[in-house]
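Residue-level listing of the chains:
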Amino acid sequence: MIEAPSPAAETALALPRGQALWHGLRANPLLVAGGLTAVLIIVVALFAPLLAPFPGDAGTATHPFLVLRPPSTRHLFGTDQVGRDVLSRVLYGARISPLVAVIVLLIACVVGIPLGIAAGYFGGWVDEVIMRVTDIFLAFPSLLLALALAAVLPASLTSLTIAIAATWWPWYTRLIRGQAASVSGRAYIDSCRVLGIRPWRIILRHVLPNSVTPLTVQVSLDVGGVILTASALSFLGLGAQDPTPDWGLMVAEGQNYFTTDWWVVTFPGIAILVTAFAFNLLGDGLRDLLDPKRSLLP
Amino acid sequence: MARRVALAMLVVAGVIIATFVIARVIPGDPAATWAGPHASAAQVAAARRFLGLDRPPLVQLAAYFGGILTGSWGLSLHTHQPVLSDIGTAAPASLELVTAALIIALAVAVPLGLVSARWPGGLADQAIRAGSILGVSMPIFWMALILQLVFSQRLHVLPAAGQYAPGLLFSHPLDQRTGFSLIDAVISGNWPMLGSILAHLVLPAVVVAAYPAGLIARMVRAQVLDTVTETHVQMIRALGFSERTVYSRFAMKLAWNPVAAAVALVFGYSLVNTFLVEAIFDWPGLGSYTAASIATLDTPAILGVTLFIALVYVAANLAVDIIQAALDPRIRLR
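Sequence lines, in order, name chains A and B.
Going by this note's numbering, the first sequence opens with residue 497, and the numbers climb by one from there.
Going by this note's numbering, the second sequence opens with residue 78, and the numbers climb by one from there.
Just chain A, same shape as in the assembly:
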């Protein structure tokens, strides 16, 4: 919302920028913890080939004489059903789910923002048509629609990404539409219209920049959600296929050996949990920091 700034925002603005940020971070230890963990996960993803003790095990390698060995100093997380090092695969997995999340959110923004702006700025029948279509999409729980789509598409990471993105954009359209509608009703937009400035110029220069702020918070909040959805679909066999070191797939594959060989399921699952938790803490903290109206501190 671009309403009058609340008193809390004013006091924050009265401090020098760096100091205000420092105060915000001090008051949000959860945000700091989430942010640091998220950075760590990205570092792991970037340097997986250097960090993984057995980089070949993230691919097609099999070791028939090392099958299902419990954790040891050589294989810290043990080995899986075809003898691959679980630690190496978990580290390489940091390259998959977060990347899927980035691509899904990018597609959702690319589709969702223009539709939302169009609905909010033009109003009338454009608004009605776009918003009724998003209503229909939002009538499904997103995991359900993604699951139905992924189930009819051939199982692959690409299908999975498309299926999740297809369920994610309507949220952004709705969010942006509300913002754009409220901005478009302002007097300065009317002045622009009266001055004869072309609509696309008004949209690009005035409506869009003033509408996207809440979206940035929402996107950071959604990274964890997309990672959970992607790993759930992979767990059901609707995403990555062996030998891709995808965490959800690793849990699914380890399920059959779970009662005797707990490590095959446990470590990839912890990786999903830690990643989703880190990004959710980060998004939640950012919302508090950027949206003083909904601040959790008195």
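Since the hints were made in silico from the structure, they are not lab data.
Note that this is a predicted model, so its numbers are computed, not measured.
Glycine included, each C-beta is placed from N, C-alpha and C at the ideal position.
Any given hint could turn out to be false.
[To be verified] The following residues of chain A were derived to be distant from chain B, with all beta-carbon distances above 12 Å:
1. Ser638
2. Leu649
3. Leu691
[What the hints assert, rightly or not] Simulated restraints, written as ranges between beta carbons of each label pair:
4. B:Ala392 <-> A:Trp696: 38 to 48 Å
5. A:Ala529 <-> B:Lys330: 30 to 40 Å
6. A:Thr755 <-> B:Trp196: 35 to 45 Å
Since the structure of chain A is provided, determine the placement of chain B on it from the hints.
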């Protein structure tokens, strides 16, 4: 009000079209799946005619619409049973599971949200916030496996899988009346069966409760913090009521309405989450049915379940909106 109902009808129509479109874009040939792996070309053609796939798309859509309105939701490609009767058999177990999960979630989350709101920024608040974010970050299929390993395989305190102990089928068979096994057990006074079902329900319900519990705790906290600053709550403080009463009785009373709306929303989500949990616990509900349908690429069954859950979801939202408007004069339906 009329507009709200009309919108719900429009959404339902859209949902039906969406499932139809998804069914039409499948790369595989439903007729070939129906006829089986070694069918001849003539048999596949016969199956195509039988399934109505040789007709133009708009005629198929009209037939699909008519079928859904009259209760024939197509045949499962795998079981060759009507999808709707399969859903009718499976849905009660899932609805029981989700209801149990939401009861657990409310019982845990409402007190925690209240504690969080009473001392915001404190140590308990930070811990509860972290805990509720952990709840919504949980990969529940993994949590299901871990709890199963710990509580049934290692500690042997809870049953690992199934809906009741199989032996009870002979000693205390369940009298099927409503299809809801817990209700059936109660009305027929079958106490050993009731105990067994409840014991089998604990683990899956706790797993499904993780997400709603996190969500509800956050909501209660935010809502209560919003309401305690309102003047009439200040008034109650000024009248000398204890802080505990101010929060748990007066502030929470105002918070219930949005929380109830959130519970209705999360009901639909939890129903989908059972897809990930039921197969692991061998709970005979929609989730197990869908997981089996996915494994056999049984599109009519998957889309039937999708449609069913979407309808439940739309109906729940509509019901909440109408009830809220009836209870709270500040809300006006347009």
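Do the Cβ positions of Thr755 of chain A and Trp196 of chain B conform to the proposed distance bound of 35 to 45 Å?
43 Å, holds
A cut-off of 12 Å on Cβ-Cβ distance, and Ser638 of chain A was said to be off the interface with chain B. Does that hold?
Ser638 of chain A is in fact no farther than 12 Å from some Cβ atom of chain B, at 9 Å.
Hint says 30 to 40 Å; check whether the CB-CB distance for Ala529 of chain A and Lys330 of chain B agrees.
35 Å, holds
Interface exclusion of Leu691 of chain A relative to chain B, criterion Cβ beyond 12 Å
The claim stands: Leu691 of chain A keeps its Cβ more than 12 Å from every Cβ of chain B (closest is about 34 Å).
Consistency of beta-carbon spacing, Trp696 of chain A to Ala392 of chain B, with hint 38 to 48 Å
Given about 42 Å between the Cβ atoms, the range holds.
Far enough from chain B: is every CB of that chain over 12 Å from the CB of Leu649 of chain A?
7 Å, violated
Of the numbered hints stated above, those contradicted by the structure are hints 1, 2, listed in ascending order.
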